[in-house]
Amino acid sequence: MLSAEEWTIVALSLKVGGVALAAMLPLAFALAWVLARAHFPGKLLLDAIVHLPLVVPPVVTGWALLLAFGPNGPIGGVLERWFGISVLFRWTGAAIAAGIMALPLMVRAMRLSIEAVDRRLESAARTLGAGPGRVFWSLTLPLSLPGVLAGAVLGFARSIGEFGATITFVSNVPGQTQTLPLAIYSALQQPGAEATVWRLSAMSVALSLVALVASEMLTRRVRRGLHVL
Amino acid sequence: MSFEIRVDKQLGEASIALDLTAGDGLTVLFGPSGIGKTSVLNMVAGLLRPDRGRIAVAGRVLFDTDAGIDLAPERRRAGYVFQEPRLFPHRRVRANLLYGAADDSGLAAAVAMLGIGHLLDRWPRTLSGGEARRVAIGRALLRDPAFLLLDEPLSSLDRARRGEIMDAILRVRDAAGLPILMVTHDPDEAERLGTRIVRID
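If you read the protein sequences in the order shown, they are chains A and B. Going by our numbering, the first sequence opens with residue 1, and the numbers climb by one from there. Going by our numbering, the second sequence opens with residue 1001, and the numbers climb by one from there.
Watch out, some of these pointers could steer you wrong.
Stated by the list, open to error - Here are the in silico distance ranges between beta carbons for each label pair:
1. A:Val-59 x B:Ser-1015: 57 to 65 angstroms
2. B:Thr-1126 x A:Trp-137: 20 to 28 angstroms
3. A:Ile-75 x B:Ser-1015: 48 to 56 angstroms
4. A:Leu-212 x B:Arg-1049: 42 to 50 angstroms
5. A:Ile-75 x B:Asp-1008: 50 to 58 angstroms
6. B:Asp-1051 x A:Pro-132: 52 to 60 angstroms
7. A:Leu-67 x B:Asp-1008: 53 to 61 angstroms
8. B:Asp-1201 x A:Val-213: 41 to 49 angstroms
9. A:Leu-44 x B:Ile-1069: 31 to 39 angstroms
10. B:Arg-1049 x A:Ala-116: 50 to 58 angstroms
11. B:Ala-1175 x A:Phe-136: 52 to 60 angstroms
12. B:Asp-1019 x A:Gly-42: 36 to 44 angstroms
13. B:His-1185 x A:Val-213: 45 to 53 angstroms
The set of hints was computed from the structure by calculation and includes no laboratory data. Virtual Cβ for every residue (Gly too), placed ideally from N, Cα, C.
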């Protein structure tokens, strides 16, 4: 099985993916809700911007993050001056990169499930005395929940597989930013580390497979849910 | 007057103009399909906003363009039975019935009147069309409505179910004493249930 060092890599990947997911989940849901329900000028542009990390070369996303979070960047400068925090070469930076890269996938899945919620049920709830807040908590959220969870799982899987933006943004620091893909990349550069590559790759595939199966099962629940009326 | 509805609404190509005043009991809005009868119910329920006009039910003004009144649907106290049952699929029948109720004190009586006691723990997707419709009627009654809106409550039901629902509506009409506005395109239904019939065409 895996060595202690390799388990550290797996644990770090799960931590980075988990934190990326937790941090992005509310934002992803809010964006998905806005894109599914709101009408405003510039919606198309917002939609495009959200999807940008999906199509832009990851190295560009990583470089943009470096500019933003660097000591002289608009966000990095504030973090450094006010809180004395730097995310460069840290696992927190890896989580930011992973979260940004996972965001479009999460928003897509969640948006579809919010759009699939039958608005007629919501208007029925309104006539039954429920204000917009209660309608959201009692209907919109629970009915879209399987899709929201599917999006979350998908985002998590994408997070732990993130490579290009991470290595550009926070480099490849063992124990800090060296997640599974980065560790595999490093092992590939070393002569005689094929066994490590095999084991870590197998671990990556296993984690992704579990996530994809879970996501697909949740998505099916959404589709079935559409036909219950 | 129970219902005072004077509204104008442009819906795409079609326009709806209605001026109706009706007393107690069950008022039937009767007319062919597709002329906006459901839109009238939606305007009374607050789900569709008239371009201008005034809607008052049992003396309470729900909408008035001149006075700038437009109550939100949740504040109109409508008991709206839609053409489709619109039961909440992730809640059992009991929770559906009580969704709009302040407490469960009225549950037993409503359940008995509609004959749905054996359905309380079922999921909506397991109900037949007639059962779902009775639950939808119960849910509308239990929210303590000031008036009822019924949209084609007998459509797409077989003969036996129609009799069943019709009896339920008659019981509600006579027992609850609520003003009821019902939409149908079926003359027999209109004749049998209506205290008065308003034709729109």
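Hints, one by one, checked against the model:
Between Val-59 (chain A) and Ser-1015 (chain B) the beta carbons are some 58 angstroms apart, a value that agrees with the proposed interval 57 to 65 angstroms. Restraint check, Thr-1126 (chain B) to Trp-137 (chain A): a C-beta distance of roughly 25 angstroms satisfies the suggested window 20 to 28 angstroms. Checking the proposed 48 to 56 angstroms range against Ile-75 (chain A) and Ser-1015 (chain B) shows it holds: the Cβ atoms sit about 54 angstroms from each other. Distance hint check for Leu-212 (chain A) and Arg-1049 (chain B): the Cβ-Cβ separation is about 45 angstroms, which falls inside the suggested range of 42 to 50 angstroms.
Evaluation of the 50 to 58 angstroms hint for Ile-75 (chain A) and Asp-1008 (chain B) yields a pass: the beta carbon distance comes to about 53 angstroms. Evaluation of the 52 to 60 angstroms hint for Asp-1051 (chain B) and Pro-132 (chain A) yields a failure: the beta carbon distance comes to about 23 angstroms. Checked against the given bound of 53 to 61 angstroms, the beta carbons of Leu-67 (chain A) and Asp-1008 (chain B), roughly 57 angstroms apart, stay inside it. Distance hint check for Asp-1201 (chain B) and Val-213 (chain A): the Cβ-Cβ separation is about 57 angstroms, which falls outside the suggested range of 41 to 49 angstroms.
The given range of 31 to 39 angstroms is respected by Leu-44 (chain A) and Ile-1069 (chain B), whose C-beta atoms sit roughly 37 angstroms from each other. With their beta carbons about 26 angstroms apart, Arg-1049 (chain B) and Ala-116 (chain A) fall outside the hinted range of 50 to 58 angstroms. Distance hint check: the CB atoms of Ala-1175 (chain B) and Phe-136 (chain A) are about 35 angstroms apart, inconsistent with the given range 52 to 60 angstroms. Checked against the hint of 36 to 44 angstroms, the C-beta distance between Asp-1019 (chain B) and Gly-42 (chain A) comes to roughly 42 angstroms, which is consistent with it.
At roughly 49 angstroms, the beta-carbon separation of His-1185 (chain B) and Val-213 (chain A) lies within the given 45 to 53 angstroms, and the hint holds.
Comparing the model with each numbered hint stated earlier shows that hints 6, 8, 10 and 11 do not hold.
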